[in-house]
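Q: Chain by chain, the residues run as shown.
There are 2 protein chains.
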Amino acid sequence: MTDALNAALAKAASDIEKTLDRVLPPASGPEARLAEAMRYACLSGGKRLRPFLTLEVAQLFDVTPSCAYRAAAAIEAIHCYSLIHDDLPAMDDDDLRRGKPTVHKAFDEATAILAGDALLTFGFELLAGQDTHPDPRVRLELVATLALASGAHGMVGGQMADLAAEKSEGELDLHTITRLQKMKTGALITAAAEAGAILGKASAEARTALKGYAHDMGLAFQIADDLLDVEGRVEETGKAVGKDEARGKATFVSILGLERARAQAELLTEQAIRHLAMFGTRADLLVALARYVIERKS
Amino acid sequence: MTDALNAALAKAASDIEKTLDRVLPPASGPEARLAEAMRYACLSGGKRLRPFLTLEVAQLFDVTPSCAYRAAAAIEAIHCYSLIHDDLPAMDDDDLRRGKPTVHKAFDEATAILAGDALLTFGFELLAGQDTHPDPRVRLELVATLALASGAHGMVGGQMADLAAEKSEGELDLHTITRLQKMKTGALITAAAEAGAILGKASAEARTALKGYAHDMGLAFQIADDLLDVEGRVEETGKAVGKDEARGKATFVSILGLERARAQAELLTEQAIRHLAMFGTRADLLVALARYVIERKS
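Chains as they are written, first to last, in full-length UniProt numbering: chain A, 1 to 298; chain B, 1 to 298.
Derived from the structure by calculation, the hints contain no laboratory data.
You may find that some hints are simply not true.
Heads up, the list lumps identical chains together, so a pair's fine if it works in one copy or across two of them.
The calculated EDC-like cross-link candidates involving lysine to aspartate or glutamate, where the alpha carbons are at most 16 Å apart (straight line), are [to be verified]:
(1) Lys47 / Asp225
(2) Lys167 / Glu231
(3) Lys105 / Glu17
(4) Lys201 / Glu36
(5) Lys211 / Glu171
(6) Lys167 / Glu295
(7) Lys167 / Glu109
(8) Lys167 / Asp108
(9) Lys211 / Asp173
(10) Lys211 / Asp225
(11) Lys201 / Asp225
(12) Lys47 / Glu17
(13) Lys249 / Asp92
Next up, chain A with everything else stripped away, as it sits in the complex (with noise of 0.2 Å):
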């Protein structure tokens, strides 16, 4: 199944570079830096995993394949644009992403935070747009379910409380990481699976299990990232390592141990694969990729 998750994870990635290639605005005017600044950040390689879901979960309702990769395309604007954010000097001040200087660091600071803003917008602009669904009705239920996710109480929320963590005395506890996490980057992986599945008008019943599916191992996804962060070097992963230890930052592995850590990983993998036995072998790659990001070494 490996083989077989590598080979489809590989064409998503390729696939969503394309994509976004054709779609996002191209370098021309005085503001051409703009446009190369969102290119530079989308166009640089990565996982892919939340367009990954977002293709996975729509196969299982037969969506049409351009709608779903715009889809897919948008919410990966969208990530793209909360790592150039967080990427900042005055938020996480990385200079290295994805093994390539930061938008930051390739421009300036100003075109960063532009470029961010920009990522934005287009994903809320290629969601409303007449090609991403024939329904309008399904358009808007993405915008509305992807502004959620990404807002105050999603994905900026959650980069806020992690500030705040970062700043306070005290030691975080578990419910209060865990919050924080789902929060910052499990609202749109969850999102991500959530889009596929309002594409393809799926019933209440498998969007909730979609939804639980996503949450569970996108929890699992961010303690393995943890895990990496102790454990992988840094010409594996591309970034930084050791860097949250460094900073006294709290984590799962420094709240829980390693050991644990990774037993809960392993434990939320589990759960977000009984998630999905409703659809059976149909969802057999998502089920490899609950069982991929707790064995990745990137």
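Guided by the hints, dock chain B onto chain A, whose structure is given.
A: Chain B in isolation, oriented as in the chain A frame:
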């Protein structure tokens, strides 16, 4: 007419303030600082020109007031996000806005970036929400129109072009600065008027007329802003003046000179007013607004 306009502007500003206060997320949890910054940015007064436009255009078509308020609040949230990000040290580096410390001064840079991100997202969330209009097609058109006006081809693109212009050695010409301002401030002003027409399911003819009005009025507004930067006083405008000149920044005034800039603003105002002919006396306040923007002292 000035009294009627002042009363209407004051009422709209107060109603929008109340709407924003009601719909903005309350401050709670470890991320409370985010909601506080969003509220600080949105509830600190201001002319509320864009929401006023949405409300006044909506009343031409007897739009349910509660719908118009929500759409207008969404547009003001998007406007406020752009102000927060424009004021950042990496951008225009402003300490004062509406006579109060800018968001990154009152809070910090990271919070300001995130509050801007969250307000932009919140704008789309509001527009997509059921209470904004019963017809999902209308809500979707609002989202699409605002996304186009605020993104890389609109407001954000304009800010990028403006930063590029500041860095360039050569003098800007009238064409370049007009294009830049149409993107940076004009696109959202036009979209604010268009939103009222979308809510009212206006005819294509009416919509084109209202876009023409807002386009011309918006440009007159920007020229008036440049005039205020030269002629205004800090006590009246609530922000630093003479900044453009100190920075050697090209403006309509530096290119055209005071007299020709003023004449151009007046010409645009008359042109804006002519677009309103088809609406008769129902557009009286929009007519008065066009006159006001070039006569205001702040």
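Q: If the cut is 16 Å between Cα atoms, do lysine 167 and glutamate 231 qualify within a copy, between copies, both or neither?
A: neither (25 Å within a copy, 45 Å between copies)
Q: Is the C-alpha distance from lysine 211 to glutamate 171 at most 16 Å within one copy, between copies, in both cases, or in neither?
A: neither (30 Å within a copy, 55 Å between copies)
Q: Is the C-alpha distance from lysine 47 to glutamate 17 at most 16 Å within one copy, between copies, in both cases, or in neither?
A: For lysine 47 and glutamate 17, the Cα distance is within 16 Å only inside one copy (11 Å; across copies 43 Å).
Q: Have a look at lysine 47 and aspartate 225 and pick one of within, between, both or neither, based on CA distance no larger than 16 Å.
A: within (13 Å within a copy, 47 Å between copies)
Q: Can you give me the call for lysine 167 and aspartate 108, within, between, both or neither, at a CA distance of at most 16 Å?
A: between (26 Å within a copy, 13 Å between copies)
Q: At most 16 Å between C-alpha atoms: does lysine 201 with aspartate 225 qualify within a copy, between copies, both, or neither?
A: So lysine 201 and aspartate 225 fail the 16 Å test inside a copy (32 Å) and across (49 Å) alike.
Q: Is it within a copy, between copies, both, or neither that the alpha carbon of lysine 249 lies no farther than 16 Å from that of aspartate 92?
A: within (12 Å within a copy, 33 Å between copies)
Q: At most 16 Å between C-alpha atoms: does lysine 105 with glutamate 17 qualify within a copy, between copies, both, or neither?
A: neither (22 Å within a copy, 39 Å between copies)
Q: Is it within a copy, between copies, both, or neither that the alpha carbon of lysine 201 lies no farther than 16 Å from that of glutamate 36?
A: neither (36 Å within a copy, 37 Å between copies)
Q: With 16 Å as the alpha-carbon cut-off, assign the pair lysine 167 and glutamate 295 to within, between, both or neither.
A: neither (31 Å within a copy, 48 Å between copies)
Q: Could you figure out if lysine 211 and aspartate 173 sit no more than 16 Å apart (CA to CA) within one copy, between two copies, both or neither?
A: neither (25 Å within a copy, 54 Å between copies)
Q: Given identical chains, is lysine 211 near aspartate 225, meaning Cα to Cα at most 16 Å, within a copy, between copies, both, or neither?
A: Neither way: lysine 211 and aspartate 225 sit 21 Å apart in one copy and 49 Å across, limit 16 Å.
In the structure shown, a violation is registered for the earlier hints numbered 2, 3, 4, 5, 6, 9, 10 and 11, in ascending order.
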